[in-house]
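Undergrad: If you use our numbering, the sequence shown corresponds to residues 1 to 493, in order.
No lab work stands behind these hints: they were computed from the structure. Certain hints may be false.
Below, a list of computed lysine-lysine pairs in the PhoX-like style, where the Cα atoms sit at most 25 angstroms apart [claimed, not checked]:
id: 1; residue 1: K434; residue 2: K101
id: 2; residue 1: K28; residue 2: K206
id: 3; residue 1: K129; residue 2: K7
Since this is a predicted model, take the numbers as computed values, not measurements.
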Amino acid sequence: MFFAASKAPEFPPDFEWINTDEPLSLSKLRGNVIVLDFWTYCCINCMHTLPVLAGLERKYGDKPVVFIGVHSGKFLTEQEATNVRTAVSRYEIEHPVLVDKEMRVWGAFQVNAWPTVMVIDPSGVIVYKQAGEGQKEEIEDVIDILLQKHSQKGTLAREPPTIKNTKSAPRHLLSFPGKISISKSGKIAISDSNHNRILVTDLSGKIEHTVGNGMALLADGDFASASFFRPQGVAWDGNVLYVADTENHAIRRITFDDSQVVTVAGTGRQGHWMSTGGKGVSVSISSPWDVACRDGTVYIAMAGSHQIWTYDVQSQMVLPFAGTGQENIIDGPTRTAQLAQPSGIFVSGDAVYFADSEVSAVRKIDLGSKTVTTLVGHGLFEFGYQDGHVDDALFQHPLGLCVKDETVFVADTYNSAIRIISLKQSQVHTLIGKTEKNLVCMPDNPECDILPLYEPSDVEYHDNKLYITDTNNHLIRVFDLDKNTLHVLDVRK
Numbered sequence: 001m002f003f004a005a006s007k008a009p010e011f012p013p014d015f016e017w018i019n020t021d022e023p024l025s026l027s028k029l030r031g032n033v034i035v036l037d038f039w040t041y042c043c044i045n046c047m048h049t050l051p052v053l054a055g056l057e058r059k060y061g062d063k064p065v066v067f068i069g070v071h072s073g074k075f076l077t078e079q080e081a082t083n084v085r086t087a088v089s090r091y092e093i094e095h096p097v098l099v100d101k102e103m104r105v106w107g108a109f110q111v112n113a114w115p116t117v118m119v120i121d122p123s124g125v126i127v128y129k130q131a132g133e134g135q136k137e138e139i140e141d142v143i144d145i146l147l148q149k150h151s152q153k154g155t156l157a158r159e160p161p162t163i164k165n166t167k168s169a170p171r172h173l174l175s176f177p178g179k180i181s182i183s184k185s186g187k188i189a190i191s192d193s194n195h196n197r198i199l200v201t202d203l204s205g206k207i208e209h210t211v212g213n214g215m216a217l218l219a220d221g222d223f224a225s226a227s228f229f230r231p232q233g234v235a236w237d238g239n240v241l242y243v244a245d246t247e248n249h250a251i252r253r254i255t256f257d258d259s260q261v262v263t264v265a266g267t268g269r270q271g272h273w274m275s276t277g278g279k280g281v282s283v284s285i286s287s288p289w290d291v292a293c294r295d296g297t298v299y300i301a302m303a304g305s306h307q308i309w310t311y312d313v314q315s316q317m318v319l320p321f322a323g324t325g326q327e328n329i330i331d332g333p334t335r336t337a338q339l340a341q342p343s344g345i346f347v348s349g350d351a352v353y354f355a356d357s358e359v360s361a362v363r364k365i366d367l368g369s370k371t372v373t374t375l376v377g378h379g380l381f382e383f384g385y386q387d388g389h390v391d392d393a394l395f396q397h398p399l400g401l402c403v404k405d406e407t408v409f410v411a412d413t414y415n416s417a418i419r420i421i422s423l424k425q426s427q428v429h430t431l432i433g434k435t436e437k438n439l440v441c442m443p444d445n446p447e448c449d450i451l452p453l454y455e456p457s458d459v460e461y462h463d464n465k466l467y468i469t470d471t472n473n474h475l476i477r478v479f480d481l482d483k484n485t486l487h488v489l490d491v492r493k
């Protein structure tokens with residue numbers, strides 16, 4: 001979409017930058033085509049845009065085209081530069097990112113939705129502005145036209161600018177572990193997301209199986225040759241393990257008797273909004289974030305389409321189950337309810353519980369009546385950190401949960417906490433969280449000095465212990481409910 005000439009406002013001089021040693025300015029970048037991506041790291045549509053931009057960066061790598069992310073955080077946690085830096089590392093973003101304090105750049109550029117992509121021509125004029133994902137061809141066309149036009153006018157830089165970034169991320173045995181599942185026999189499955197693999201350990205943390213070669217691809221085969229791309233959800237179904245292979249937009253099945261990985265749903269391409277589903281590998285799905293199994297059915301938290309889907313193991317059909325695909329928090333029959341980026345799922349009794357992250361909610365589907373109800377949560381922009389009655393309690397972008405009897409344990413991700421919902425008492429309280437001194441707060445030990453959780457993505461109950469993916473600390477933590485102690489699981493080869 002083209003606009004009448006509109007001069008781009010200059011970046012504020014005192015804001016923090018990531019992936020560049022020096023702040024950038026539009027005046028210094030004059031002569032280059034500049035592509036701005038306004039994003040926030042919670043947003044699934046923003047995540048879908050990142051690989052598109054990465055592909056364009058590679059295409060125009062030798063041209064005077066500069067890609068810049070402007071991170072304008074939605075949630076309170078997303079407004080902290082340290083957390084944005086971690087998210088940039090997690091999503092392996094290589095271009096410079098400006099941390100937009102108090103959304104001042106957002107306001108100056110008159111942005112009103114995530115993601116929004118703008119293109120600024122070599123003279124500093126905004127010539128393209130469009131919200132939403134799926135803009136690859138339009139952005140390419142604008143860049144190509146500008147390169148040709150300004151080359152002919154002599155107003156194009158001769159070569160791309162040199163942007164130095166000397167900082168590098170440390171390496172860990174685990175890299176942003178996403179989800180965890182424990183079998184009845186005590187085998188722990190961990191999605192080692194940024195290493196593009198699945199690990200299976202015993203309860204002491206000793207690795208028994210490494211599934212995946214670490215390459216960010218979609219390939220079936222044995223454990224050494226199969227590949228994943230930032231997998232998230234894992235769920236045991238007896239001795240079989242199902243995986244939400246998130247950025248491959250696929251559901252994978254791991255069998256251990258023959259050491260094989262097979263794709264059972266998804267084509268590897270992101271599915272269209274409002275898909276009606278179909279036969280497993282013939283259907284494109286969208287960013288499955290978690291899975292749960294029960295009686296031959298795999299329930300899928302389909303974050304990319306704001307729905308819950310099912311995969312039937314016998315018929316191999318993968319179909320929408322709950323949610324219209326519109327993003328909101330509206331209860332009611334599964335066909336008319338509206339969800340918002342469901343990212344954690346768990347089956348207990350006759351109900352499916354899920355963390356509906358973009359509305360900071362925990363919700364429930366009754367499998368008998370096929371109705372959706374909200375346990376905690378209010379809306380897309382209603383979030384915080386508050387215990388108390390479920391009507392008043394607030395979460396901040398929870399990503400994982402599990403249920404034991406009448407208790408829901410929630411990985412309240414952006415609050416870096418583990419919270420408890422008592423279904424009997426209709427109360428929420430914090431089990432593990434941060435004090436004002438940024439220390440871990442636990443029952444009877446509020447001033448302990450151990451490492452706090454950092455955006456945990458999942459929690460699993462086993463033998464009166466909680467196993468937690470401490471995602472941004474690159475660790476698995478174990479909380480003993482009997483002893484009120486928290487320690488690190490010694491994941492080792």
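Undergrad: Take the hints in turn and mark each one as holding or not.
TA: Verification of the supplied hints:
no. : hint        : verdict
1   : K434 / K101 : holds (23 angstroms)
2   : K28 / K206  : violated (53 angstroms)
3   : K129 / K7   : holds (13 angstroms)
When the structure is compared with the earlier hints, a violation turns up for hint 2 alone.
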